[in-house]
Amino acid sequence: MALNMISRNVVKKVLAVETPEGAGALVRRSIGSASLRNLTPFLLLDHFHVSEGAGFPDHPHRGQATVTYMLEGSSRHEDSAGHSGTIKTGGVQWMSAGKGIIHAEMPVHGKGVPEPRGMQLWVDLPKNVKMTEPTYQELDPEDIPVAYPEGKDGNISIKVISGKSHGVESPVRPLGGCWYFHVLMKNGATMFQDIPTGWTAFVYILKGAVSVGESGSVNDAFHTLVLSHADGETGVQLTAATDDTSFVLVAGEPLDQTVFQYGPFVMTNQEEIQKTLMDYRTGRNGFEKAHTWKSKIGNM
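Okay, so the sequence shown: first residue is 5 according to the numbering used here, each after it adds one.
Treat the hints as calculated values from the structure; they're not laboratory data.
Glycine included, C-beta positions come from ideal geometry on N, C-alpha and C.
A portion of the hints provided could be inaccurate.
To be verified - Calculated pairs, DSS-like style, for lysine-lysine (alpha carbon to alpha carbon, straight line, at most 27 Å):
id, residue 1, residue 2
1, LYS92, LYS168
2, LYS156, LYS168
3, LYS103, LYS298
4, LYS92, LYS211
5, LYS92, LYS300
6, LYS211, LYS190
7, LYS293, LYS103
8, LYS156, LYS211
9, LYS17, LYS190
10, LYS115, LYS131
11, LYS211, LYS16
12, LYS115, LYS211
13, LYS17, LYS211
14, LYS115, LYS92
15, LYS131, LYS293
16, LYS168, LYS131
17, LYS168, LYS16
18, LYS92, LYS190
19, LYS131, LYS279
20, LYS115, LYS300
As the list claims (entries may be wrong) - Ranges of calculated distance between the beta carbons of each label pair, as one might list FRET restraints:
id, residue 1, residue 2, range
21, GLN265, GLY158, 39 to 47 Å
22, GLN265, LEU30, 17 to 25 Å
23, THR194, ASN273, 25 to 33 Å
24, ASP198, GLY158, 15 to 23 Å
Start from the sequences, fold in the hints, and give me the full structure.
Now the structure itself:
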């Protein structure tokens, strides 16, 4: 390996066990679970499967970004700021809740339609932008750029949801540094992905098996692999151990701030949480429609 390609290694491995959540949803949660509570700037990682009759009707957010990436099926969304639409298979929605928003996420079901499966990542917002206006960045599958480290006929393709990989850059511009890649590899394929020094990084394996570094052990599906970030490590070497391997690689700039979370509200101290609860109860500072707005998709 070249001197400027020093790989990170696995420092923690967490199996995301499928558990019921709500009515009809099955979720594999790693980040945000008791096994992996703090991984700044990441707050939660869910690999979800939503059966018919389930969904996520009207609910609020403040202080974080939610990134929804659909692996199969599709999901509709609607919010109190007037946004609505559908996230298709392979599409992504990057919502920065900012100072406050109410929204609904309702998976699409129908005859001959795949049941919705996807990933939802919560990213903490830097404290200086937590009270900004909510924003959306949405990409249909055909709008997400793809990198081919070995060429289009090679064994590796990388969907660049945010950040940059092998000369390909996403148009998504999240608040705070965050890169998000969906990688598909064939057996024996190896790639090296640059990662900014000091950033937090992890791999979540969707299918197949992956080894990390030059002599790393093989890791199976549904594991989250937290990567080291020692001085001199410039990125990560990843090798497919099965013929059909799929995983997400996510990296973000760590935040030097405390996390106070109360359900869907994420601030930096108890006083800010108390103020958030008061704003929500009284319909102020981003929650003006909290008690008057109702989504169509969540109240059918």
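Hint check results:
Taken as a hint, the LYS92 and LYS168 pair is honoured in the structure, with Cα atoms around 22 Å apart against an allowance of 27 Å. Between LYS156 and LYS168, the direct Cα distance comes to roughly 17 Å. Compliance with the 27 Å bound is thereby established for this hinted pair. Taking the CA atoms of LYS103 and LYS298, the gap is about 19 Å. The hint holds against a cut of 27 Å. Taking the CA atoms of LYS92 and LYS211, the gap is near 20 Å; set against the 27 Å cutoff, the hint holds.
Taken as a hint, the LYS92 and LYS300 pair is honoured in the structure, with Cα atoms around 19 Å apart against an allowance of 27 Å. Proximity of LYS211 to LYS190 is assessed by CA-CA distance (about 11 Å); at most 27 Å being required, the pair is judged to hold. Using a Cα cut-off of 27 Å, the hinted pair LYS293 and LYS103 holds, with the two alpha carbons roughly 13 Å apart. Our distance criterion of 27 Å between C-alpha atoms is met by LYS156 and LYS211, whose separation comes to about 21 Å.
Note on LYS17 and LYS190: the hinted pairing holds, with a Cα-Cα distance of about 23 Å set against a maximum of 27 Å. For the given pair, LYS115 sits about 45 Å from LYS131 by alpha-carbon distance, which is inconsistent with the 27 Å threshold. Among the hinted pairs, LYS211 with LYS16 is consistent with the structure: their alpha-carbon atoms are about 19 Å apart, no more than 27 Å. Pair hint LYS115 plus LYS211 holds up; C-alpha atoms about 26 Å apart against a cutoff of 27 Å.
Distance hint between LYS17 and LYS211 is fulfilled; the C-alpha atoms sit about 16 Å from each other, no more than 27 Å. As the CA atoms of LYS115 and LYS92 are separated by approximately 16 Å, the hinted pair is consistent with the 27 Å bound. A hinted pair counts as satisfied when its Cα atoms are at most 27 Å apart, and LYS131 with LYS293 qualifies at roughly 24 Å. Of the supplied pair hints, the one linking LYS168 and LYS131 holds, its CA atoms being roughly 25 Å apart against a limit of 27 Å.
Restraint check: the Cα-Cα separation between LYS168 and LYS16 comes to about 25 Å, which is no more than 27 Å; the hinted pair holds. Note on LYS92 and LYS190: the hinted pairing holds, with a Cα-Cα distance of about 25 Å set against a maximum of 27 Å. Taking the CA atoms of LYS131 and LYS279, the gap is near 15 Å; set against the 27 Å cutoff, the hint holds. Of the pairs offered as hints, the one joining LYS115 and LYS300 holds, with about 22 Å between alpha carbons and a cut-off of 27 Å not exceeded.
Checked against the hint of 39 to 47 Å, the C-beta distance between GLN265 and GLY158 comes to roughly 42 Å, which is consistent with it. Between GLN265 and LEU30, the C-beta spacing of about 23 Å keeps the proposed range 17 to 25 Å intact. The hinted range of 25 to 33 Å is not satisfied by THR194 and ASN273, whose Cβ atoms lie roughly 45 Å apart. In this structure the supplied range 15 to 23 Å holds for ASP198 paired with GLY158, their Cβ-Cβ distance being about 18 Å.
Hint compliance for this structure: hints 10 and 23 are broken, all remaining hints hold.
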